[in-house]
Structure formats: C-alpha cells, structure tokens
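Asks: Sequence:
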Amino acid sequence: MVIFRCILKGYCCKKYWIPVTHLDLLRLKIYANVDIKPSTISLYEASLYDDLTYPQVVFGGEKYFLALNSKDDGSCIFLLRNGKCSVHPYKPLVCRFYPFVYIENGDNISIEVNENALGECPGIIGNKRIIPEDIKSDLTKLARARIQELKMWGKVAKEWNESEYSKKEFDEVIQTFLEFITMKAEEDMKELVKKNLWIP
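In terms of the numbering used here, the sequence shown opens at residue 1 and continues consecutively.
Honestly, I wouldn't trust all of these hints.
Claimed, not checked - Below, computed lysine to any residue pairings styled on SDA-like, alpha-carbon distance capped at 25 Å:
1) K37 <-> D51
2) K155 <-> W17
3) K14 <-> G60
4) K37 <-> K195
5) K155 <-> M189
6) K14 <-> L26
7) K29 <-> F4
8) K151 <-> F4
9) K14 <-> G83
10) K84 <-> V58
11) K63 <-> E162
12) K29 <-> F180
13) K15 <-> A46
14) K29 <-> C6
15) K168 <-> P38
16) K141 <-> K37
17) K14 <-> D107
18) K84 <-> F97
19) K195 <-> E159
20) K155 <-> K136
21) K71 <-> D107
22) K184 <-> E45
23) K37 <-> F4
24) K158 <-> P38
25) K184 <-> I199
26) K158 <-> D138
27) K29 <-> S47
28) K167 <-> G74
29) K155 <-> N69
30) K194 <-> D107
31) K158 <-> K14
What the hints assert, rightly or not - FRET-style restraints, in silico, Cβ to Cβ:
32) E186 <-> D138: 22 to 30 Å
33) N108 <-> K71: 36 to 44 Å
34) I174 <-> I130: 16 to 24 Å
35) E133 <-> D107: 17 to 25 Å
Please keep in mind that the hints were generated in silico from the structure rather than gathered at the bench. Using N, Cα and C, we set each Cβ at its ideal position, and we do this for glycine too.
All chains, please: the whole structure from these sequences, using the hints.
Replies: Next up, the structure:
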C-alpha cells in the first residue's frame, strides 16, 4: 500500500515549474494575501512542452503556459529556505495533487501515483500501487474541482486569445491581463461556490 505524508522539504518545488489558472491566483490573493503582480507570474513557451495539455495564453502571437514565477535557482517563489511552502494551505491545485495524478474517463476519475514521483518524493512510503480509500476520496473531490477549473481557465484563455491584447507583447499588456483574469476568476469562483466545487 502507498502511504503519503508530505514532509515539507520542497523537493518538488525545486524541480518543477508550477502551471496556474486564474482561480489558483485568486486563491492566493484571497486566502494568502498575496499581491498578484507581474513578478508573481511567468510564461513558459508552449512549443517546448508538447505533451502538456493545458490552456495556453497568447502574447505577441505566441502561445504560453501561465505559471508561478521562479527564483534564480529555479525553485518556486513561495518556497522558504527551510523547504516549506509559504502558501501551503492555499497552494495551486496542481501542487496539491503531487505525487498523485488523476485520470478522467467520462464521469469516472481514477487516482494513481505519479510515475515521476516514485523513488523521488520522500513523502511516499511503501512500494505498492494501492492507494488508501480516504486519500482516493479526497483526491477525487479535488480532481472534480480541478477539471471544472481547467475548463473555466480554458474559456478565459480563449477569450483573452481572441482579444486585440493577445497581439501585443506580454510586457505591454501585463497589467491589463492581470485585471482581466482577476475579474474572470471572481465570476468563476461564484459559479464554483454555487456548485459546491470551490476549494479554498
């Protein structure tokens, strides 16, 4: 059986960049009092990550993934020196899943251990693939919210990409972009609350 307990050492926060949605950023703003500003986010060229199925935003005619910014050493901006996350209770949903992944098959969602995490994540105990039911249940609920949020993010990104602003460079329209996605996030949050899918 697989047992997972995050030991808060930040190994994953040093290795991976963190794709975010407008709702991930709103969560940080509301609950962690993070001022969402240009230095909070970063763009990753979509062409470099062919296997990542995630909504993309366009600036200057080029496609990008929206992500949290990183420090000079490549680690997440919210990773503290002691290896702990400064926004842990409200971190992006993609972070909350690691070291697991969900697989969507119609209305069914299955939870598995992320292959890349095996032998890498020190919080994984046990070498079998069976995941306890309580963890599966919690992650399935999180997956349902995540799936809905990604659909919403896809619509927001599409609306941005079809606007005149997408033809301009990121540095020229960053403030407009942040205001736009914050407004959309506030609208989408209300919808998720109604559907009982909002995750603080």
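Asks: Provide an ascending list of the numbers of those earlier hints which the structure does not satisfy.
Replies: Hint check: 1, 3, 4, 7, 8, 10, 16, 17, 20, 21, 23, 26, 27, 28, 31, 34 fail, others pass.
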